[in-house]
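Q: Assemble chain B onto chain A, guided by the hints.
Just so you know, the protein sequences line up as chains A and B, in that order. Under the working numbering, the first residue of the first sequence carries the number 1, and numbering increases by one thereafter. Under the working numbering, the first residue of the second sequence carries the number 1, and numbering increases by one thereafter.
Rather than coming from a laboratory, the hints here were simulated on the basis of the structure. All C-beta atoms in this analysis are idealised placements derived from N, C-alpha and C, irrespective of residue type, glycine included. Any given hint could turn out to be false.
Unchecked claim - Chain B is faced by these chain A residues, among others (derived, beta-carbon under 10 Å):
#: 1; residue: 49
#: 2; residue: 108
#: 3; residue: 112
#: 4; residue: 184
Claimed, not checked - Quick partial rundown of chain B residues pointing at chain A, CB under 8 Å, derived from the structure:
#: 5; residue: 208
#: 6; residue: 292
#: 7; residue: 296
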Amino acid sequence: MIKVYNLTVAFLGEKKALDNISFKVSKGEFVYITGESGAGKSTLLRLFYADLLPSKGIVLVSNKDISNITKASIPFLRRNIGVVFQDFKLLEDKSVFENIKLALEVFYLEKNNMENRILPLLRRLGIFSRRNTLVKNLSGGEKQRVAIARALINNPAIILADEPTGNLDQARAEDIVDLLYGTSKAGTTVLIATHDPHIINRYKQARIIELKNGKVIKDSGKQ
Amino acid sequence: MKKLLFLLLRGLKFFYTNITLNIASILTITTILFVFHIFLTISLSVNDFFTGMGNIQNIRLYLNTESQDEIKNFLNKLNNLESIESTTYFTQEDTMEYIRKSTSNISYLENIPKEFYPHFIEAKIKDEYRDFSSVKKLENTLKDFEIVDVASYGEKWIVNFSSLNYGLKIFLTILTVLLAGALSTILYNTIKINLYRYKDEIKIYSLVGASRTFIITPIITAVIIESLISYLLSAAASYLTFFTLNSRLLHNIDIYFIKLPGITTLVFILGVLILISVFAGVVSVKTFLNRMGAINE
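So here's chain A without its partners, still in its complex pose (with noise of 0.2 Å):
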């Protein structure tokens, strides 16, 4: 699903962001990106979806060459990536039907078939109750589900989540990584980037990538 070698990301006038890495994660994979603040995490997150392209080496994601993607073929790979950040990326002064509506406008369906879409996924994530209500009132757990109910929507291959308990208490936090779990096991490619041990503790059994000043040093899921 997700394929990378020697990988290196170098931001100018500044250390290597992604030094050398090589890593592939298969299909249905429940993956935690680890490391302290500034180990790369997240700009490997952004080079999934193509927020950020390669210095070096390649990357492929479902397929599809990121070292070398044009501008127009981005948005098709976007579609198939369900994308969910520590700060939400929602419209506050929107409703929870309306964020979750935006991911679906970009494929021109019409209002009935958008409904019959997110209302389901909004009882199965427990916000259906919140539906009409804005963004801007709901608690920081509410907030990360309509991001991952935005996230979902157009059933993705992979999920990429940026620190997604990083606002969020303890219970909230086990919360959302028990969706994001319950997600990969309906055959999601799921990475979460996180340096929460509680979160990462919670299922043992997950593989672990663990970055360090730009480079793996801990790769659980390596034969």
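A: Chain B alone, transformed into the frame defined by chain A:
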């Protein structure tokens, strides 16, 4: 088709939700277009007036003989020329009567005897020979006749009218270019401001896989709506202004100078305006998207 309709409706919504900012922009564009319409109407009217004034229909030949036989003989020759439609001979008496009739309020002309008035031939030129170069050629032919003292058709006036008309056209061209530049800048900046207000939304759309067409088309649609409204307002204001001026003032005093632009001219200007709007819109959105920065900065 379904996709296009979806994007056009989004454009309409985008225009409506930004109506406060768009009204300010519409008023500015309307003012610019109104000024342009005023100058255009005046230019067209002046052009029409000069064209009418410069239209050479007759050439007047002053003669250096009073011999009626020679004059009769010359008239026959004139009538045989290809470019001459008809000729009329004005004796000194005819000239005197014509001048006295047309200047009835100038009493001292009554005291000037007929011997002081000129006699001349007025030759009417055929329609197809009324252009400046053909008239010039005819003038040279006529001057070759010994009997002709002076051949006159108001050349100086025509040259002056042509120069004035040419100058006016240059002025209108410069004005059009400057106004087009001003319009592009206003539209470019209005779109940019709108886009900055929607920066987060655009980033999210980009994150969930919106194509550039999906992002750009509604914005361009909104710009076209804005331009269209501005154009209709300015054209209506300009039309009303000149219509009122004509009907309430100028026509009452027998002045028919102002000529309103025809529908073809108006449609052409609208077409150019839409092109400018689309150009400014595309440049504005593309530069914004290129400088928008990463989704997760």
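Q: Could you run down the list of hints and mark each one as holding or not?
A: Verification of the hints:
Here the hint on residue 49 (chain A) is kept, as its CB sits about 7 Å from the closest CB of chain B, short of 10 Å. Annotation: interface hint on residue 108 (chain A) holds; nearest CB of chain B at approximately 5 Å, less than 10 Å. Interface hint status for residue 112 (chain A): violated, as the beta-carbon distance to the closest one in chain B is roughly 14 Å, over 10 Å. At about 20 Å, the closest approach between the beta carbon of residue 184 (chain A) and any beta carbon in chain B exceeds 10 Å, and the interface hint on this residue is violated.
A cut of 8 Å between beta carbons decides the hint on residue 208 (chain B): the least distance to chain A is about 4 Å, and the hint holds. Hint status for residue 292 (chain B) relative to chain A: violated, with the closest Cβ pair at about 11 Å, above 8 Å. Because the smallest distance between the Cβ of residue 296 (chain B) and any Cβ of chain A comes to about 6 Å, under 8 Å, the interface hint for this residue holds.
Consistency with the previously given hints fails for numbers 3, 4 and 6, ordered from lowest to highest.
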